[in-house]
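K.L.:
Sequence:
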Amino acid sequence: MGTVMIIVLGVVAITVVSVLGDMATKIAQAKAKSRQAEGALPSGEVERLKERLALLEARVEDRDESVRKLQDEVRFVTRMLEDTSSQRPSK
1 MGTVMIIVLG VVAITVVSVL GDMATKIAQA KAKSRQAEGA LPSGEVERLK
51 ERLALLEARV EDRDESVRKL QDEVRFVTRM LEDTSSQRPS K
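Going by the numbering used here, the first residue of the sequence shown is number 1, and it counts up by one from there.
Treat the hints as calculated values from the structure; they're not laboratory data.
This one's a predicted model, so the numbers in the text were calculated from it and none came from an experiment.
Incorrect hints may have been included.
Straight line, CA to CA, 35 Å or less: simulated DSBU-like cross-link-like pairs of lysine-lysine [said to hold, decoys possible]: (1) Lys50 with Lys26; (2) Lys50 with Lys69; (3) Lys33 with Lys50; (4) Lys50 with Lys31.
Please construct the entire structure, taking both the sequences and the accompanying hints into account.
P.N.:
Printed below as a string of structure tokens:
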């Protein structure tokens, strides 16, 4: 009897949590939509954000290129170390 009660309470608890979560999600979505309806960002602010985004994207591309170069250098050094270790006479 106790096990059945625990299972039933577990199912009820899961149901209540899911319903409350769904309600909270719907409320949050409604608030987000109402904020969007109140007014968008000023056009100057949007342009500033676009410029900043372009700058950040350029920095990411520069970093990616630097990482690629470092990876190539590591591969080269690894090959060089493998070549010298294979040429070394064994004792």
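K.L.:
For every hint, state whether the structure bears it out.
P.N.:
To see whether the hints hold, each was checked on the structure:
no., hint, result
1, Lys50 with Lys26, "30 Å, holds"
2, Lys50 with Lys69, "29 Å, holds"
3, Lys33 with Lys50, "23 Å, holds"
4, Lys50 with Lys31, "25 Å, holds"
Comparing the model with each numbered hint stated earlier shows that all of them hold.
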